[in-house]
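The listed protein sequences derive, respectively, from chains A and B.
Add 1109 to a position in the first sequence, counting from 1, and you land on the number used in my numbering.
Add 50 to a position in the second sequence, counting from 1, and you land on the number used in my numbering.
Calculated from the structure, these hints are not laboratory results.
For each residue, glycine too, the CB sits at the ideal point set by N, CA and C.
Be careful, since some hints might not be right.
Unchecked claim - Residues from chain A shown here face chain B by an in silico Cβ test under 7 Å; the list is partial: (1) T1214; (2) A1335; (3) A1338.
For reference, the chains in residue letters:
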Amino acid sequence: MSRLQQELEAGRFVVTGEVGPPKGIDTHELDHELEHLKGKVVAINVTDIQSAVMRLGSLIVSEYMVRKGFEPVFQLTCRDRNRLALQTELISAAWVGIENVLCLTGDHQVLGDHRGAKGVFDLDSVSLLQTVNLLNSGKDLAGNALAGAPKLFPGAVVAPGLEPMEPQILKFEKKVAAGAKFFQTQALYDPRQLEAFMRQVEQFKVPVMAGIVLLKNVGMAKFMNANVAGVFVPENIMKEIAGCPKKKLKQKSAEIGGRLVKEMKGMCQGIHLMPLGWTDIVPDVLGHAGLA
Amino acid sequence: MLVTEEKPIKEILGALEADKKLFVVGCAGCPEGWETGGPQKVAELADKLRAGGKEVVGTTMIDFLCNKALVGLRLGRCIEALKAADAVLVVSCGIGVQATAAMVDKPCHPALNTISSAGFQGLWPSSERCQQCGECVLSLTGGICPITTCAKSLLNGSCGGSHEGTCEVEKNRPCGWFLIYERLKALGKLDNYKKLQPVRNFGKMDVPLKHRSTIRWALEAKEF
Chain A
1110 MSRLQQELEA GRFVVTGEVG PPKGIDTHEL DHELEHLKGK VVAINVTDIQ SAVMRLGSLI
1170 VSEYMVRKGF EPVFQLTCRD RNRLALQTEL ISAAWVGIEN VLCLTGDHQV LGDHRGAKGV
1230 FDLDSVSLLQ TVNLLNSGKD LAGNALAGAP KLFPGAVVAP GLEPMEPQIL KFEKKVAAGA
1290 KFFQTQALYD PRQLEAFMRQ VEQFKVPVMA GIVLLKNVGM AKFMNANVAG VFVPENIMKE
1350 IAGCPKKKLK QKSAEIGGRL VKEMKGMCQG IHLMPLGWTD IVPDVLGHAG LA
Chain B
51 MLVTEEKPIK EILGALEADK KLFVVGCAGC PEGWETGGPQ KVAELADKLR AGGKEVVGTT
111 MIDFLCNKAL VGLRLGRCIE ALKAADAVLV VSCGIGVQAT AAMVDKPCHP ALNTISSAGF
171 QGLWPSSERC QQCGECVLSL TGGICPITTC AKSLLNGSCG GSHEGTCEVE KNRPCGWFLI
231 YERLKALGKL DNYKKLQPVR NFGKMDVPLK HRSTIRWALE AKEF
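Work out the full structure, taking the sequences as your base and the hints as a guide.
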């Protein structure tokens, strides 16, 4: 059983981190990021061709992390692989000691850097969750018995910031029915959004980790507001970053992140930090939040 | 001409579980030519529905169900029967089902599956599109096609890119699943949104030899 699963099932509050593999085979930055997260988080998400931008693979980076003594959350999207390849990725992951898998539909290819690529979407997050459970039970999607069943711990994503909220709740319920055992949210900057959302989903009794992307500058906040569905950085936070001198931005980012974590930690079962490269300030964020 | 196949009556009755009184609309275009529809088939279908415990409050044939204006006009003549119906069963390709659903305030169900011809056949009257997937799910989605209105053709939508009813792919483009959510809500069928969908059979998107021959309705010499 993965540590993430153990901690969640024991009802303990968890913190997860995230790394995005490089666009090439030079992984020294990745190694630095992993070093910063060592011992600070229970598991680390590895993104899968995030935002449809070609990168080093999440399966292989997750395997690398297992070898180095980290616990990955292997992210898998449905945009680039059909049901055969997805099942292959899942059992391959299990074979090399990966347990946590985050099942995503995936951003449309038009949002990435290979816009003319064919989008697959043979499965979606819901049918992928069902597939994980099916494989865990020793069968594949065609009904064949497996020569050795995996033991994967499946999770899913939800975005409390998306409007309207009702279809989000219905989809949440659907993902639970499909077998999601934990949720990580899209980045949240308004604790009231999380509060309203949690009130609607606590009946399903599946742990939810509030996601936070560490803000690096105003441009980034504006970009997310304009382009990332369901993410909304409020005006007051943008003013706070804008008013901060450049050389103090990292500190400010840690402060803001820490403050948000502190406000939200009582409402949910964990926090999912997405440092987008600023993994070095993760310890400060957790310190500000009283979670170090 | 669009190619269609009859859905098994068991599947049709399954989709109509909650609907007792039915109005049947048949397209006198492609389905008649392909012998999956037409007046005789519609009459047979009405009999099968009665045998399945349903009440058929009316039937009608419309020349081209793909034209919403014509649909509205002709259905206007059957308004009393439509009012009495719980749901409408539509014997046409996916476009006709969607066009009917857009013109009536009752749940509309497909009696046929539309089979891929891998190219432009049939008419495109306005916003309705049919990808001829061969596994019509319009019963479930309130008559709005997720294959063609969703940029990812998701069966379990919407995805995380749907905000305020728009799709992440193109500015102002409506999210197909948001449209479905609104339609289901209006029909009182929001429970459908939570139903787990079986994965698609993409084999149905390939066009087999038997659907490539034109000898049937062109009276040409055999091509294949």
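Right, here's what the structure says about each hint:
1. T1214: holds, 5 Å
2. A1335: violated, 10 Å
3. A1338: holds, 4 Å
Checked against the numbered hints above, the structure breaks only hint 2 and satisfies the rest.
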